[in-house]
Amino acid sequence: MTTTTSVLGGAIRRREDPALIQGEGRYVDDIKLSGTVHAAFVRSPYAHARIASIDTLRAEEMEGVHAVYVAEDVRHLGPVLAQVPVGKLRPLLADGMASHVGESVAMVVADSRALADDAAEAVDVDYEPLPAVVDLKQAASDKVKVHDELDSNIILTWECGPWGNEEGIAQTKEEIAQAKQRDDVVVVSQEMINQRLIPTAIEPRAVLADWNRGYQRFEVYSSTQVPHALAGAIAKTFGLASNSVRVLAPEVGGGFGAKLNIYNDEVLVAFAAQQLGRPVKYTEERRESPNSTIQGRGWVGTATVTGTRDGEVLGYELHALCDMGAYTQNFTVAIPFLGVFVGSGQYKFPIHMKLDCVTTHTMTTDAYRGAGRPEAIYYLERILDEYAAAIGMDPADVRRRNYIPASEFPGATAPVGFAVDTGDYEKNLDAALKHFGWDALLQERDLAREEGRNVGVGLTSYVEVCGFGPSALADLGFSWSEYGLPSSFNGSGLVRVNPDGSVTTIIGTGPTGQGHETTWAQIVSRQLGIDEEKIRVRHGDTAESPMGIGTFGSRSAAVDGPATHQAALEVKAKAAKIAAHLLEAAEEDIRFENGQAHVAGSPDRSLSWEELAKAAYQPHLLPEGLAGGLEAHSVFSPANATWPFGTHIAMVEVDTDTGDVDLLRYLAMDDCGTVINPMIVDGQIHGGLAQGIGQALFEDAIYDGDGNLLTGSLVDYPLPTATDLPTFELARTVTPTDINPLGVKGIGEAGTIGSAQTIVNAVVDALRALGVKHIDMPLRPKRVWQAIQAAQNGSDS
Amino acid sequence: MFPRKFDYVAPSSIDEAVAALSDSEFAKVMAGGMSLIPMMKLRLLSPETVVDIGRIPGLDEIRDEGDYVSIGALVRHAQTAASNLPQALVDAASWTGDVQVRNRGTTCGAAAHSDIAADQTAAVLALGATMIAQGPNGTREIPSSEFFVDAMTSALEPDEILTEIRIPKIGGATAYDKLGRRGGHTDYAVAGAAAWVQKDNGSISGCRVALTGVGTNATLAEGVAEALVGTDGSEQAVKEAAERATDGVTVLEDLYGSEEYKAHLAKVFTRRALTQALSFL
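For the record, the sequence lines run as chains R and E.
Numbering follows my numbering, in which position 586 of the first sequence is assigned residue number 586; successive positions increment by one, without gaps.
If you want my numbering, it's the 1-based position in the second sequence plus 797.
Result set (DMTMM-like, lysine to aspartate or glutamate): computed pairs, CA atoms no more than 25 angstroms apart in a straight line:
{"no.": "1", "chain 1": "E", "residue 1": "802", "chain 2": "R", "residue 2": "63"}
{"no.": "2", "chain 1": "R", "residue 1": "145", "chain 2": "R", "residue 2": "706"}
{"no.": "3", "chain 1": "E", "residue 1": "838", "chain 2": "R", "residue 2": "121"}
{"no.": "4", "chain 1": "E", "residue 1": "838", "chain 2": "R", "residue 2": "285"}
{"no.": "5", "chain 1": "E", "residue 1": "966", "chain 2": "E", "residue 2": "862"}
{"no.": "6", "chain 1": "R", "residue 1": "145", "chain 2": "R", "residue 2": "95"}
{"no.": "7", "chain 1": "R", "residue 1": "143", "chain 2": "R", "residue 2": "128"}
{"no.": "8", "chain 1": "R", "residue 1": "354", "chain 2": "R", "residue 2": "191"}
{"no.": "9", "chain 1": "R", "residue 1": "145", "chain 2": "R", "residue 2": "159"}
{"no.": "10", "chain 1": "E", "residue 1": "802", "chain 2": "R", "residue 2": "285"}
{"no.": "11", "chain 1": "E", "residue 1": "838", "chain 2": "E", "residue 2": "1051"}
{"no.": "12", "chain 1": "E", "residue 1": "838", "chain 2": "R", "residue 2": "111"}
{"no.": "13", "chain 1": "E", "residue 1": "802", "chain 2": "R", "residue 2": "29"}
{"no.": "14", "chain 1": "R", "residue 1": "574", "chain 2": "R", "residue 2": "531"}
{"no.": "15", "chain 1": "E", "residue 1": "802", "chain 2": "R", "residue 2": "55"}
{"no.": "16", "chain 1": "E", "residue 1": "1036", "chain 2": "R", "residue 2": "451"}
{"no.": "17", "chain 1": "E", "residue 1": "838", "chain 2": "R", "residue 2": "63"}
{"no.": "18", "chain 1": "R", "residue 1": "354", "chain 2": "R", "residue 2": "167"}
Some chain E residues close to chain R (C-beta under 10 angstroms, calculated; not the full set):
{"no.": "19", "residue": "981"}
{"no.": "20", "residue": "985"}
{"no.": "21", "residue": "1062"}
One side only, chain E facing chain R, incomplete, derived with CB under 10 angstroms:
{"no.": "22", "residue": "798"}
{"no.": "23", "residue": "800"}
{"no.": "24", "residue": "980"}
{"no.": "25", "residue": "984"}
{"no.": "26", "residue": "988"}
{"no.": "27", "residue": "1054"}
{"no.": "28", "residue": "1068"}
No lab work stands behind these hints: they were computed from the structure.
If you're wondering where the values come from, they're calculated on a predicted model, not measured in any experiment.
Glycine included, every Cβ here is placed at the ideal spot set by N, Cα and C.
Given these sequences and hints, build the entire structure.
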């Protein structure tokens, strides 16, 4: 059950770490090109204001200032496309109207960043403030329009049960309505907030663009998750062929989905570089990041369970308003749709889900670790616990009762209408209950309560969808195809055995901290039998890497991994041909073992990879018709996404005097299919849990009624630190996927998707005896205390 | 962001530093820089001159001076946390910021900066410390009870430097407890209380309680001392005294708590700090 080694490799140390830990990693801001000038942005202090005039003269006259650009200078270039272009796309610079605090109004370029900041302060913008719409319900009522040109603030509605089938949806609604009429059912309903979060990578975004007038080409360094997409976007924007734009994503210090956008500043910096004939750099400041990089989550919804008194759920409904912010960016409106994918979790019961995408005068939301899936699973797993409490049933039993049975896999169709690759939910639950000692935990809780301690436990199931790569996704019409990208998100990998027997692997995807250089070396090493130390993995340079996309949606191992695996197999097949020729044996008799090729039954008749590689680059030594070189490039397009799952358990203690929540234990039984490197998988779960627990306990992007972000600095936006978290107790079941040859599913987001509701369930369990039924996240002490007061005073918590 | 332009001076004596302060229209003293530099980078504060006292010798010591212990202007939080100063101050210093902040930031700097949610301000106040300020007209003593004036405002004149905090050796026992913004003792205080108590012949002969995080600045909870002195210091007496924690204290709401909640926490931590201090006697 607990995997300590893997069929693919082992817990080898991350090859990235010596550089990263010793400060040898090179990030965009570390890259210096001679003659570089620096950009800063003038940002709107108003959430909604007409821009009457912009006076740039004083800034332009400052010594060392090269240019000040406003909307009319760049209008012809924009806007950057969004994958699903509904709502209002973000203008490159605010064009007559500012629609959220922090929106870029003008760009200043100067000799230094400090000077650019000074000059930005000298730009005089005349704003005429207008009423701002911040509250989701108010926005959805359409009393005040966010953008005059839109018909409604609700820019799109996702509905499912099952998705895309209107007849099916109507039927499900009818089924649930009928269930509610039955005498033997309970209906449990709760409005809940899944609050806005600010993705906070250690490295803020940064971009450095250089235009070579002689060669008529761009070289752009960016802290991005999607270098190929950025190259395509810049090429299209400036009317160039995509091979005239080289994007390099060097070390990227965290992304979490927030760098999965093509940002206006990336295009604007390229524009300025072309205009000025100088490299231009922009590094986002920590303080501007919350309003210049996308935020995540931001749902207000009501979840309802209708079920029998013995635990059979007859219907689940979720109606939510999802905050899109002021402008639609890359995946903005697609994020709730990812919630639709997993809306019914691990369960087989009728579901009706209606998610309204609402625009407001706030920063845009988009993908943040989990992206739609943590929100959807939060509502489902929170309300299931309230249902379990209402009927007095163990939370584990309620879940077990409603799982999609293992017999329906592979390819079970979830009630939301999507086929799920593989799953064995009961096995995973049982493993969690047994391995972590569920009964003993409950006993421990009850004993603590006898001592007067407010201890609670929470247990939840989750299912994730990830590994996006199916070609069919292209049918949804993602706009990246306009940037020359395969909008189906295929994976790609190239494996090249060099003449000295070392291996260069170049991948179309790239890491933002996930350890691809280690994992991909393991994938290739496993097939070729060449030591990982001899394999180097390259990524992030569109000039050398095969067409690819990037790391997001926990997709790289499941989509680009198999492509690289396939390329390694092709290299091995060619090496077998060469070996057969040189050893004068039949190709089918060639065996690869211990880093050598030998003839079956004659281990002495062997050639090392060094010898094979040397021969490969001397075509006269090769069999007739076989081209020189020893490399292969492969593309992998999976038939489906992958669907990891798991069971999470938390134990908490609440100080009812202060409302302080102490997370005592966190236990996770995940199933991400086959594991390549257990240590890296554990690390991904750790990071995911930290971010899920951060949402549950600390983080909150709070806007006031005028649209000012009150938590724009890390003083007021508390992030979890290592000292705030217990030692995570992790274990795994392994249910390989059948849609890729590696059996891997993906693990980048599972920790986040599984955790927030587990914490909240545990806290509510601790306080249920006091009358508390729900507390909205984050469970900061003041909220917990207020909920206890409200419950004890008899009002609804 | 980068700070606006400023002049930087690094004097080698307090006198030079005071002169530099007097010479400038708007100068700020920098010791550890843990609060000043972020404020300058956010352009919330743009001094004309930064006077870095970091190179002045002799300020980085905690010295026993007989009647009192002296904390020099360059004593870091980490030094205070590792010292044998009274427990309230030791704990307050050890729960300030994080390791990096504790290794650079100074106890005197935290007092001079007078953040509304600082830890050591409450401890200094409960301990009845004397603040030593040096300015162009020489040195003056400011009682800690008159030092913390308002949010980020101390009794120091713009051309004065807090060179020393003197902690009197008054016996008794002390404690500090708080709720941090990330729970437990982490981060700035949502609310916290420092307590000093003394007992003679079975009854409380001296008491001082100071609050932080609840108002604009660290404040003495005078009602508590009044209620507790003369009692036997029993659980009940402490509980009753703690109920008076916010008597005459202005409690303000912020992102971390409503007025009601903060007032409640002031009582909880007053009770906890007193209980702990009494347990040492």
